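Residue strings, one per chain:
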Amino acid sequence: MNKPIRRVSIFCLVLILALMVRTNWVQGVQADSLASNTHNDRNKYDRYAYPRGNIIVDGERVTSSDFVDGLRYKYKRSWVNGPLYAPVTGYSSQSFGSSQLESLEDGFLAGTDDRLFFRNTLDMLTGKEKQGGDVVTTINAKAQKAAFEGLGNKKGAVVALDPATGAILALVSTPSYDPGTFAGGGDADTKAWTDLNADANKPMLNRALRETYPPGSTFKLVTAAAAFENNVFQNIDDKTETPDPYTLPGTTTELKNESANEPCEGATLKVGMDFSCNTVYGKIGADLGRDKMREQAEKFGFNTTVDTPIRAVQSFYPKGSSPDGTALDAIGQHDTRATPLQMAMVASAIANNGSLMQPYLVAQERSANLTTISQHSAKQLGQAISPATAQKLQDMMVSVVQNGTGKNAQIPGTTVGGKTGTAQHGEGNNGLPFAWFVSYAKGADNKSVAVAVVVEDGSNNRDGISGGRLAAPIAKAVMQATLTK
Amino acid sequence: MTITPQGTPNRRNTELALLAFAVLLPVLAYANVGLAIDGSLPAGMLGYGLGMGALALVAHLVMRRWAPYADPLLLPLATLLNGLGVVMIWRLDKAGKLLAKNYPAAANQLMWSALGIAFFIVVMVFLKDHRVLQRYTYISMAVALVLLAAPAFFPSRDADFGAKIWIHLGPLSFQPGEFAKIILTVFFAGYLMVKRDALALASRRFMGLYLPRGRDLGPIIAIWLVSLLILIFENDLGSSFLFFGLFVVMLYVATERTSWIIFGLLMSVGGAVVVGSTASHVKTRIDAWLDPMAAFSGKGGSDQIGQSLMAMGSGGVTGSGLGQGRSWLIGFAAKSDFIIGSFGEELGLTGLMAIFMVYALIVQRGLRTAIAARDPFGKLFAVGLSSALALQVFVVAGGVTGLIPLTGMTMPFMAQGGSSVVANWALIAILLKISDSARRPGVEPAPASET
Chain A
1398 MNKPIRRVSI FCLVLILALM VRTNWVQGVQ ADSLASNTHN DRNKYDRYAY PRGNIIVDGE
1458 RVTSSDFVDG LRYKYKRSWV NGPLYAPVTG YSSQSFGSSQ LESLEDGFLA GTDDRLFFRN
1518 TLDMLTGKEK QGGDVVTTIN AKAQKAAFEG LGNKKGAVVA LDPATGAILA LVSTPSYDPG
1578 TFAGGGDADT KAWTDLNADA NKPMLNRALR ETYPPGSTFK LVTAAAAFEN NVFQNIDDKT
1638 ETPDPYTLPG TTTELKNESA NEPCEGATLK VGMDFSCNTV YGKIGADLGR DKMREQAEKF
1698 GFNTTVDTPI RAVQSFYPKG SSPDGTALDA IGQHDTRATP LQMAMVASAI ANNGSLMQPY
1758 LVAQERSANL TTISQHSAKQ LGQAISPATA QKLQDMMVSV VQNGTGKNAQ IPGTTVGGKT
1818 GTAQHGEGNN GLPFAWFVSY AKGADNKSVA VAVVVEDGSN NRDGISGGRL AAPIAKAVMQ
1878 ATLTK
Chain B
969 MTITPQGTPN RRNTELALLA FAVLLPVLAY ANVGLAIDGS LPAGMLGYGL GMGALALVAH
1029 LVMRRWAPYA DPLLLPLATL LNGLGVVMIW RLDKAGKLLA KNYPAAANQL MWSALGIAFF
1089 IVVMVFLKDH RVLQRYTYIS MAVALVLLAA PAFFPSRDAD FGAKIWIHLG PLSFQPGEFA
1149 KIILTVFFAG YLMVKRDALA LASRRFMGLY LPRGRDLGPI IAIWLVSLLI LIFENDLGSS
1209 FLFFGLFVVM LYVATERTSW IIFGLLMSVG GAVVVGSTAS HVKTRIDAWL DPMAAFSGKG
1269 GSDQIGQSLM AMGSGGVTGS GLGQGRSWLI GFAAKSDFII GSFGEELGLT GLMAIFMVYA
1329 LIVQRGLRTA IAARDPFGKL FAVGLSSALA LQVFVVAGGV TGLIPLTGMT MPFMAQGGSS
1389 VVANWALIAI LLKISDSARR PGVEPAPASE T
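Read top to bottom, the protein sequences are chains A and B.
All the letters of the first sequence, read from the start, carry residue numbers 1398 to 1882 under this note's numbering.
All the letters of the second sequence, read from the start, carry residue numbers 969 to 1419 under this note's numbering.
Simulated from the structure, these hints should not be mistaken for lab results.
Quick caveat, the model's predicted, so the values are computed rather than measured.
Do not take every clue at face value.
[Said to hold, decoys possible] Taking lysine to aspartate or glutamate pairs in the EDC-like style, the calculated list, with each CA pair at most 16 Å apart, reads: (1) Lys1839/A x Asp1792/A; (2) Lys1527/A x Asp1463/A; (3) Lys1696/A x Asp1721/A; (4) Lys1400/A x Glu1224/B; (5) Lys1471/A x Glu1224/B; (6) Lys1062/B x Asp1466/A; (7) Lys1653/A x Asp1721/A; (8) Lys1667/A x Asp1634/A; (9) Lys1667/A x Asp1466/A.
Generate coordinates for the entire structure from the input sequences, incorporating the hints supplied.
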């Protein structure tokens, strides 16, 4: 009987070997895909199994991790000043996923990023608790605070950029929310999450990056840029042949200005800008035609997606408008739509002699022991306009603040240029207009800043709303906060 | 046919040294879990170590007295698996406490292990000679069939999840299949030892195969049907596969005829096709095997295999470390049927390879004992017990790792479950007794006649 027993031994060996081969397959070959399977809740729990790295603003962390010692989740995310920084940090919730930097930089904050592998291995060997890396933002705490307080309880958004580098200095959206209210998995968190999602004011909408508005008169900067770039005008004091009112081409509709008393008829480009004459810039746009207008708008970043890395939605300049539509497009009405970020980019390109820099939010990624792992280097998106054009536009913007609709943004001793906008919207334009202010300021030591402010429904009555009155003071506060030490 | 006894050294000291290691390793694992979860050495560590050590020592001393020539590896290997199993169950208890499912399974398992070793000692002391069991061939058959059939007559509980393999008596539950495994092996060995010549020789050639006579073929058909009946009425794929496979293996060893293997394969394939296409319970298992992740996309079914595979995948090659995984995600079965998945996550591929090696060594020592045994009954008995263990390990671990459809048996020695631990300790005791008589220097009476 020994021969069959030997064969049975081989059979048993084959059985065990089959198990071993299978286990090698599962734990060796398939391990990564099984480990990262979306149904593998370990990943969710791992994210909160040890202190998460932090998001840093001006050297101070604006996030932290609280030890809660749950079975599933050991830590819970918390925010130092949640509503203020929510449009930057986003949320990181045990139950409801994550967004914005918390989501985009998750691998780094959670410490699972490959670039942290060496450090993690070292920590594992020395028995130190695993820690995520920190993400250092470009946000200027004072500017952020000024913008947030400036908006107050109004709905709106502010974006401030450093024109020279593209660094985002302020990114504010109101009303805001506190991501800490739903960071956990309890009933209160679920209620907070449900309430926030049901809120008609959409507090979780990042208005600075994810909402487009008709840019209104602030878009006249782009129209003026197109006029100079296409050599239709050479000088800001060139006279235009504009009737007042201006009849939209191909129609009998009359385009009017805010008030008939304004010196818009045959005005110069500069005066047209100072008084924000719709007739002047509507006609320039229509004369240039939709393609030249669109080319200029696209050079400023319209119709492209910008990742800061938080993705901003595309600002839109239409392709197929009829001539009368183009006249309206050119004054930021009709189909033209822009994010606050986009209008800040327009101002920053003008302030930076035509060079448009890639807007960015993350300056550095560094490991828990403060070693820099990655460092952003400024990157040019393109030359939006020539330096000569930029100079002319700067002169016009400064004039708007000195003599025109933007007086509320004046800062003594500092060069400030700006452009107001009061954008109509809604069915038959009967919604309350949006108040815009797009500006830049140059302070001492070549420091400069470009700011775009939009305020939705800033007042109960239509007459109370204007970019100069509502938005300009906010922009001024942000610029002051950035330029003063 | 048999191996001439040589002056075999008794190897009891080797066993003692190995045993010390087999006790130390789970104690260290226990400390490891405590440090990983609580950051301190577990309070019960000393008691646990001393308890396990004392049990192992008593078993060893009993062997010195009653089975001095037995194989030195089997006891330490079984102790190691049992110890690691208890540690894992304790570890999962700790997670269960946090999950508000506080259930002192580890303490129970430790108690059952003690009972298992007590059973082991009883077998050691009172089973003077394994050949005595030959006398109970037909009684064994009857007892085994009663044991197997019994669960069908007891109401099942929700917690049994489909398979009717338990007998519930008040708070106690008892899984008779584990004992039936041993008792049925007694019947097979006894029956085949008597019938093997008839089965091997008195047959007609048909299409190149040797077909046995109907009266010799009867029992295998009967067993096949019984195994299918168990499968159908108790939804117990594992046991039916185990008993059928066991019978074919023993038949093959007894008759040395390959044709039995072919018959066995044909019949099991036929049975599997019939049952697989009729029983919905079996079909569910096969569907879960083909697409383990289906349960997550709302297609119903159990998510256990998917959870087990993800646990193993997250463990990877080196594992998350004892106490640092989340195998409780597998659910209630993490410490019973799916304990291999738990080990896979926390000890990784490396740990599972080692565990499979330990099982392979137990099986190998058992089969080595079969070769060394001097009597055909002992040979058949040892082959039966060893291959039953191998088949069980294959069926359970194969199901948990997704190699074959899940059948729901327990991992010998490791999984939580009293009947299983006690029965497997008895199995090891019998193997040791056979090995003792096989390796005993020539003071034995002449081998039993090989009729």
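Quick rundown of the hints versus the structure:
At most 16 Å may separate the alpha-carbon atoms for a hinted pair to count; lysine 1839/A and aspartate 1792/A meet this at roughly 13 Å. Between lysine 1527/A and aspartate 1463/A, the direct Cα distance comes to roughly 15 Å. Compliance with the 16 Å bound is thereby established for this hinted pair. Under the criterion of a C-alpha separation no larger than 16 Å, the hint pairing lysine 1696/A with aspartate 1721/A is inconsistent with the structure, at around 23 Å. About 8 Å separates the Cα atoms of lysine 1400/A and glutamate 1224/B, which keeps this hinted pair within 16 Å; it holds.
Using a Cα cut-off of 16 Å, the hinted pair lysine 1471/A and glutamate 1224/B is violated, with the two alpha carbons roughly 61 Å apart. Between lysine 1062/B and aspartate 1466/A, the direct Cα distance comes to roughly 14 Å. Compliance with the 16 Å bound is thereby established for this hinted pair. Our distance criterion of 16 Å between C-alpha atoms is met by lysine 1653/A and aspartate 1721/A, whose separation comes to about 14 Å. A threshold of 16 Å between alpha carbons decides the hint, and for lysine 1667/A with aspartate 1634/A the separation of about 6 Å falls inside it, so the pair holds.
With a C-alpha separation of about 64 Å, the suggested pairing of lysine 1667/A with aspartate 1466/A is violated against the 16 Å cut-off.
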